[in-house]
Amino acid sequence: MIGNGAIIAADVAPILEPSSAATGIFAWIWLLIALPLAGAIVLLTTGRWTNRFGHLIGVATVVIAAGLAIAMLIEMMGRSAEARSFEQTLYSWVFAGQFQVDVAFQLDQLSMVFVLLITIVGSLIHIYSIGYMAHDPDRRRFFGFLNLFVAAMLLLVLADNYLLLYVGWEGVGLASFLLIGFWQYKPSAAAAAKKAFVINRVGDVGLSLAIMLMFVTFGSVTFESVFSSAGGASDSTLTWIGLLLLLAAAGKSAQFPLQAWLLDAMEGPTPVSALIHAATMVTAGVYLIVRSNAIYDKTVFAATTVVVIGVITMIIGAVIGSAKDDIKKALAGSTMSQIGYMVLAAGLGPVGYVFAIFHLLTHGVFKANLFLSAGSVMHGMNNGVDMRRFGALRAVMMITFGAFMFGYLAIIGIPPFSGFYSKDKIILAAFEQNTIVGISAVLAAGITGFYMTRMFTMTFLGKARWDDDAHPHESPPVMTIPLIVLAIGSLGLGASLYYWGDIVEWLAPVTGYESRPIAIPTTVLEAITLVIVLIGVAIAVLMYGKSVPIEPPQKVSVLTIAARNNLYDDATNDIVAVRPTWYAARFLVWFDNRIVDGAVNASAAFVGGASGRLRRLQNGFTRSYALVMVIGVIVVFGVLALVGLS
Amino acid sequence: MNPENYIILSGVLFTIGAIGVLVRRNAIVVFMSVELMLNAANLAFVAFARINGNLDGQVVAFFVMVVAAAEVVVGLAIIVTVFRSRRSASIDEPNLLKY
Amino acid sequence: MNAFPWLTTIGVVPLIGSIIVMLLPAARTTLAKQIALLISLVTLGLTIAMALQFNANSTEPFQFVESTSWIPALGISYSVGVDGIGLVLVALATTLVPVVILAGWNDVENAAGKGSVKGYFALLLVLETLMVGVFAATDLFLFYVFFEAMLVPIYFLIGRYGGAQRSYAAVKFLIYSLVGGLFMLASLIGVYVVSARILGEGTFDFLSLVGLEMDSTTQRMLFLGFFFAFAIKAPLWPFHTWLPDAAKESTPATAVLLIGVLDKVGTFGMIRYLLPIFPEASQFYAPVVIAMAVIGILYGAFVALGQNDMKRLFAYSSMSHFGFIALGIFVFTSQGGTGSVFYMLAHGLSTAALFLTGGFLMMRRGGSSLISDYGGVAKIAPVLGGFLLFAAMSSLALPGLASFVGEFLVLLGAFSRYIWVGVIATLGIVFTAAYVLRFYQRTATGPAPAAMVDMPDARGREITSLAPIVLLTLVLGIVPGPVLDVINPAVERTLEIVGVSDPPPTVDIGEGSQP
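Chains A, B and C supply the protein sequences, listed in that same order.
Going by this note's numbering, the first sequence opens with residue 1, and the numbers climb by one from there.
Going by this note's numbering, the second sequence opens with residue 1001, and the numbers climb by one from there.
Going by this note's numbering, the third sequence opens with residue 2001, and the numbers climb by one from there.
To be clear, the hints were calculated from the coordinates, so they are not data collected in a lab.
Keep in mind the model is a prediction, meaning the values are calculated, not measured.
Cβ coordinates follow ideal geometry from the N, Cα and C atoms, glycine included.
It is possible that part of the hints are untrue.
[Said to hold, decoys possible] Label-pair distances were calculated between CB atoms; the ranges are:
hint, chain 1, residue 1, chain 2, residue 2, range
1, A, Tyr568, C, Ala2111, 51 to 61 Å
2, A, Leu56, C, Leu2041, 39 to 49 Å
3, B, Phe1063, A, Phe637, 19 to 29 Å
4, C, Ile2016, A, Phe637, 35 to 45 Å
5, A, Arg616, C, Ser2069, 20 to 30 Å
6, A, Leu56, C, Met2363, 34 to 44 Å
7, A, Val643, B, Phe1063, 47 to 57 Å
8, A, Val628, C, Val2210, 45 to 55 Å
9, B, Arg1025, A, Phe637, 19 to 29 Å
10, A, Ala577, C, Met2363, 30 to 40 Å
[As the list claims (entries may be wrong)] To give an idea of the interface, some chain C residues facing chain A are shown, with a C-beta separation under 10 Å as derived from the structure:
hint, residue
11, Val2152
12, Leu2178
13, Gln2335
14, Gly2336
15, Gly2400
16, Thr2445
17, Gly2446
18, Ala2450
19, Ala2451
20, Met2455
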């Protein structure tokens, strides 16, 4: 069946040759970042007079960057596998003692596919946003932030060392913070933005420490030297680096236990959710793990932990997604779950790296498609997000419906839609490694079938349950055209990448690749997976096909209640982190004011009090002063007489 | 005559003066007691000059007299001024200069 | 080498300026401000001219050296000169003075019970002279004189131009500093006596004191006196309690100079004087200082999290950052040392951004510094909100900004020497983010209180004063190279004197072997 014969026969080890210097078109790598950055600077500093056309600048910079990226891809495809990595060093950035870090970019096959994903999906979402944000008074600022995000994300994937990657890493975090809190006058949005940033900072501790540990161990933080000398480090060091990088990845990619921010991040405008919190930024953790494959290949413990985290997140994301009535939060749960798949695959080692990235690409397209479709629905429904108040939208928004359906079929993995190829490869790879992991992956695929069907049915099928003032309508072409493009991608990207693009062969020189035989024939496994997905679909159709109550039913299972509460992640964070921090802060404020400053003020008060007493001796009676003098003289003479005057 | 007797006399005079300063309230009497102490010191200086056979003590005695005279001028002026405003020469009464 | 007395000129110009300003009639306030600004800009220009001639590759310990005998009987001379560390801090001081003069244009008015307007600007200029002097002095006694003399203008700046509790804060600051200075004086005399015993003739000359072979007991005693003064000035935990009061009662301009520059004298003193003069004692006390620094990092962050007053929050945040700076100095690695010096510079800029933006906000809200009086600034005044966000990001050391370079190098240096110290200090970045973002959330976002709805956005003068800070923070974050070039040799030299070298990587890159 599909996806069997195309797997390349030979196993491939990653090529660790130094990259060649960037010449020709690759001398413009820096421009990929500079373009959107310049757009951001212009949009954010010029003020009101760019309001009318600012969004066009924003779109133009990203579209030009996308064109440049495509040109680079074509050039790169014309070269042999060993000659596809390019390096461009701009200048020396941070240096002290042996610590030397350059601002230098590395464009290889892995970063190339990321650059394409970011710039192309980014362009589509930019275009879509023109329509979506048309009535927002702050549209210029919105495009400025979006451009800033694209620049930072490109920096993240193009950096040739971990410290520069960290700049991009925090840059996307900043853009995410700004865009989640774009409607900052809403306290909920501001709180969500802060939450995302702080939780990401926990991950950043991991990244910082990993970088420091790399420096201490290898004396360098460039990918090239870290990977080439990884073999010389002790097991425990590598394991620690692996675990710290995983912590970083968990923060950025909303993996367990740092997943709590992603659902709240849906406070941002929908294009933001599509671009940042579905297609690109949240997958940065997967990039980090796959990029660091040389580390994970050598530490079984860290790699296994990656798999475990991936499996946990895959399940909890799917469970949460099944219970949410808010269409964006349901999709966010789905994103968590799908990234769980990628992380799981990345943890499997060389059997999985390629497919983690493959799924990342197809997911980037179909999830962007789903989010933008959801945004289109919200656009027509007065920004409503409650799926219980949707229904029967198929008739009024045909294009959106079609696009969403393509995305839906892609994510649940119906052949020949793109999710089928990428997800099945991960399930296969999981079985190659470990049966329990494989079964979990299949199970999660079933839950995916359930919650996506639930979402699809509640939104587009069934009876209309609209609010009285809702007048659903199709979105303008500036929004629907990107939807159509993404829908086509949802349909064809998987197959075309797999068969024409030879994604495995393309990525293998960077990530390495090997396949292992498994007991069950591939075809059977694919069939089983498909059946389980269809069971999930069938359950959802049975439950939600007929009628959906407008108010969420209260008599539901414990699991549903837990899932509605995001499996109590906020409550857990509250108990584990927020409250202790607060108590510590309160206590220390008290301690500082009363004890530390108290001690200072007490010593001042003591001096003051003592002098107050002592000055009573100054009583104003001349004769008592005289008496003191006389006594003093007598004492002095007495002492002199005692010690012997000589 | 034994010069030591002068020293003893000086000590006695000084003690009388000191007690006078401590126990008397009238500013004039206190003042006189101070003079007594000064002159006791002078006596000691002169006696020591005699004992040591040089003139240093005598010179210092002259200095003390000059200082004492100056002090009397200032002191009496203060006493007179205080007496004018308070109608009293007691030194316990003007005790505002305290704390 | 340089015939032109650069440092003396840079120091004297503001002094002359302050005299001119004082001679003006009290009513001519605008003229006083203009002259003060002009003078500070001239000083800045001179500093830039000097910095351009600085030779980063020179083997001389100090450049732009001038030396004249002052009190020959005690071996005291007027000698000045800068190395990379001093140059960076002199430049920081002369950059911030024009900025705060411009930003503080309307901070004070001629009012009963407070000082005159011209006095305010004259004091700022006097302070500039002393700041230049304290960073440029290469004679220990001269340093001490500047160190103590700085208290005078600051005392008046807080005590005559500050908020409601200004006298309390000013006196508290003064007494704290004087106590520290007293211990320093004792140690200073001790150093003189020891040098007299060892060299035959007592001296305060820094270069002669370096490498003086004191026995370790003496070193440790003398170290403590200096350290006490520097720890109060910096301030390190637990000698910090004057800072929140002083910061709260000062005008924003004073607070910027106080925390941004003056407090750096403490950390500057540590790396310039403590390490080279008392190398053995520095190593002996390093664990204690590191513990104080790490406690300070977390303690400052936690207390900042619990503050409801902007200025006190900024003060505790600075205390936390000073923890980083002291940590970097006392881990004795080139990354730590360079990071510390760079962080001093970056922290000066980020403090300026925070206090000035906060000051502009407070001015619009009748001077209230209570965070709960604010909200929704980003919506009402987007430009001011943008500056606030930038200041917040600069304060939490966002990568790409100057403070990141400093903070990361410090953490790296700490980590490479003592892994667990590095780990604990790194946790500080989470709490930093927590308090900074909580502050931003409560002031800039959400609904605005009714009293703020008509608030005007940032004006031209305000934008002009903040723009250089923003630009410098960005440029130094993206291209820190030129500054690092200047700092690195000075730090290397200091560490050489202490006699420590960086721990080597555990895996040698050259021989990185494949399994």
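Hint by hint, here is what the structure shows:
1. A:Tyr568 <-> C:Ala2111: 51 to 61 Å: 57 Å, holds
2. A:Leu56 <-> C:Leu2041: 39 to 49 Å: Roughly 40 Å apart at Cβ, these two residues keep to the hinted range, so it holds.
3. B:Phe1063 <-> A:Phe637: 19 to 29 Å: The hint (19 to 29 Å, Cβ to Cβ) holds, given that Phe1063 (chain B) and Phe637 (chain A) are roughly 24 Å apart.
4. C:Ile2016 <-> A:Phe637: 35 to 45 Å: The hint (35 to 45 Å, Cβ to Cβ) is violated, given that Ile2016 (chain C) and Phe637 (chain A) are roughly 59 Å apart.
5. A:Arg616 <-> C:Ser2069: 20 to 30 Å: Given range 20 to 30 Å: violated, Cβ gap about 51 Å.
6. A:Leu56 <-> C:Met2363: 34 to 44 Å: 38 Å, holds
7. A:Val643 <-> B:Phe1063: 47 to 57 Å: Given about 31 Å between the Cβ atoms, the range is violated.
8. A:Val628 <-> C:Val2210: 45 to 55 Å: 52 Å, holds
9. B:Arg1025 <-> A:Phe637: 19 to 29 Å: 27 Å, holds
10. A:Ala577 <-> C:Met2363: 30 to 40 Å: 37 Å Cβ-Cβ, so the 30 to 40 Å window holds.
11. Val2152: 21 Å, violated
12. Leu2178: 13 Å, violated
13. Gln2335: Gln2335 (chain C) check passes; min Cβ-Cβ to chain A is 5 Å, inside 10 Å.
14. Gly2336: 8 Å, holds
15. Gly2400: 5 Å, holds
16. Thr2445: At 3 Å from the nearest chain A Cβ, Thr2445 (chain C) passes the 10 Å test, so the hint holds.
17. Gly2446: For Gly2446 (chain C), the interface hint holds, since the closest Cβ of chain A sits about 4 Å away, which is under 10 Å.
18. Ala2450: With a minimum Cβ separation of about 14 Å from chain A (threshold 10 Å), the hint on Ala2450 (chain C) is violated.
19. Ala2451: Hint on Ala2451 (chain C): violated, closest Cβ of chain A at ~17 Å, above 10 Å.
20. Met2455: For Met2455 (chain C), the interface hint is violated, since the closest Cβ of chain A sits about 14 Å away, which is over 10 Å.
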